[in-house]
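Colleague: Residue numbers (this note's numbering), protein chains in the order written: chain A, 25 to 257; chain B, 25 to 257.
Any given hint could turn out to be false.
Stated by the list, open to error - If you want the footprint, here are the derived chain A segments under chain B, 3+ residues with CB under 8 Å: (1) 87–94; (2) 97–111; (3) 154–166; (4) 172–181.
Rather than coming from a laboratory, the hints here were simulated on the basis of the structure. Note that the Cβ used here is the ideal one computed from N, Cα and C, for glycine as well.
Next come the chains, spelled out residue by residue.
There are 2 protein chains.
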Amino acid sequence: MTDSVSPAAPKAVILLSGGLDSATVLAIAREQGYACYCLSVDYGQKHRAELDAAVRVAKALGAAEHRVAKIDIGQFGGSALTDPGLEVPTEGLQPGIPITYVPARNTILLALSLAWAEVLDARHVFVGVNAVDYSGYPDCRPAFVQAFEDLANLATKAAVEGARLSVHAPLIDLSKADIVRTGTRLGVDYGLTVSCYQADDQGRACSACDACRLRREGFAAAGLADPTRYRGA
Amino acid sequence: MTDSVSPAAPKAVILLSGGLDSATVLAIAREQGYACYCLSVDYGQKHRAELDAAVRVAKALGAAEHRVAKIDIGQFGGSALTDPGLEVPTEGLQPGIPITYVPARNTILLALSLAWAEVLDARHVFVGVNAVDYSGYPDCRPAFVQAFEDLANLATKAAVEGARLSVHAPLIDLSKADIVRTGTRLGVDYGLTVSCYQADDQGRACSACDACRLRREGFAAAGLADPTRYRGA
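Just chain A, same shape as in the assembly (with noise of 0.2 Å):
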């Protein structure tokens, strides 16, 4: 990884969401030469420790700029990231769209990065859903993405102008222990990422949520020690 970019760089928006993924798809976009503009968001998530986490991937990783976007989506509810009445299970992966979905996530971030490259006069927007080892969200599908990025290029002044704005989903096709594997490769220090759904305000992980096991897991296939700090541990 270089230490600095240079000025030419292209811009890009990083959804940054402070999980192992986004921290991966930082590195990757700063490797191929973005100057990299990284986009978090408070969205009354009760895992908090994620937005400090953000904070220190940022600054590790060389970002450009880093900014938190406050958004109450919370207050409709719908998901046990959010509604302080719903428990996040624990019980391992089950079939079906679990109660951790939150309603139009990733459509509201996505277009939140829409708004900040489009003043930024970006052209390029990384995200990192992934549609292989996930949790079935239905807003992680390749079709999902693609049709995001052809509303982009109906949706701003830079689109009429004639302008290409790119959604890139580096780890759509990327198994967890892929994903981990190419952030070790480029110097991703996973011990300040934080991914499990209910992390207590030191970041500290549960080990027993999806999001917890599938990053475990990861790990584990990658034959890579695992920085995660776990509570008890």
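Given chain A, put chain B in place with the hints provided.
Modeller: Chain B only, in chain A's frame:
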């Protein structure tokens, strides 16, 4: 207009800015028999009187519920509607996309309406975009609305389970005169609405911005009295 909505009425989310167009859309949806869940968005607009207007309009037109979602896209800048350093133009409509354009605004508003629709289990979203007497914004065109509907039908849990979401834009082909005629027929009190991009705290209009011009010309072309309260009038 009926005074009450049947318990069996299908639910619809109505994007309600507090202006003339979205008030008309609400009246249309109500007449079509929908239970109307109105969503206004505080996105940092300087003309905050429109949010007060939205409260009045939702009440007057019998909304089942009215929510205001707050989101800080104003931090990205780039629009005279959100940036204190940019003046709202008052010299009349000019060619091209004006500086009042808010980057990705309708993409974000529709994404938020999709989130609420999903939680409500609603299959309908109404938006007051119009591509006739409008300011040339890219995200008011029919192709944009269609692209969002396509996206929505890939993005949600309901879509995966086979339900269709429809995005209704009943004003899209209407002139401003036709819009005010329609709303007047349906009993909309346009004196409650605020369209002006620089309305004062009491909701009084400047009479010179693009929104004021389009609105005034609409009433004149329809041969209807203009109930707008102008400053200094």
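Colleague: Work down the list of hints and note, for each, if the structure agrees.
Modeller: Structure-based check of all given hints:
1. 87–94: That given contact holds, which follows from 3 residues of the region 87–94 of chain A lying within Cβ reach (below 8 Å) of chain B.
2. 97–111: holds (count 5)
3. 154–166: holds (count 3)
4. 172–181: Holds, because 8 residues of the region 172–181 of chain A bring their Cβ atoms closer than 8 Å to Cβ atoms of chain B.
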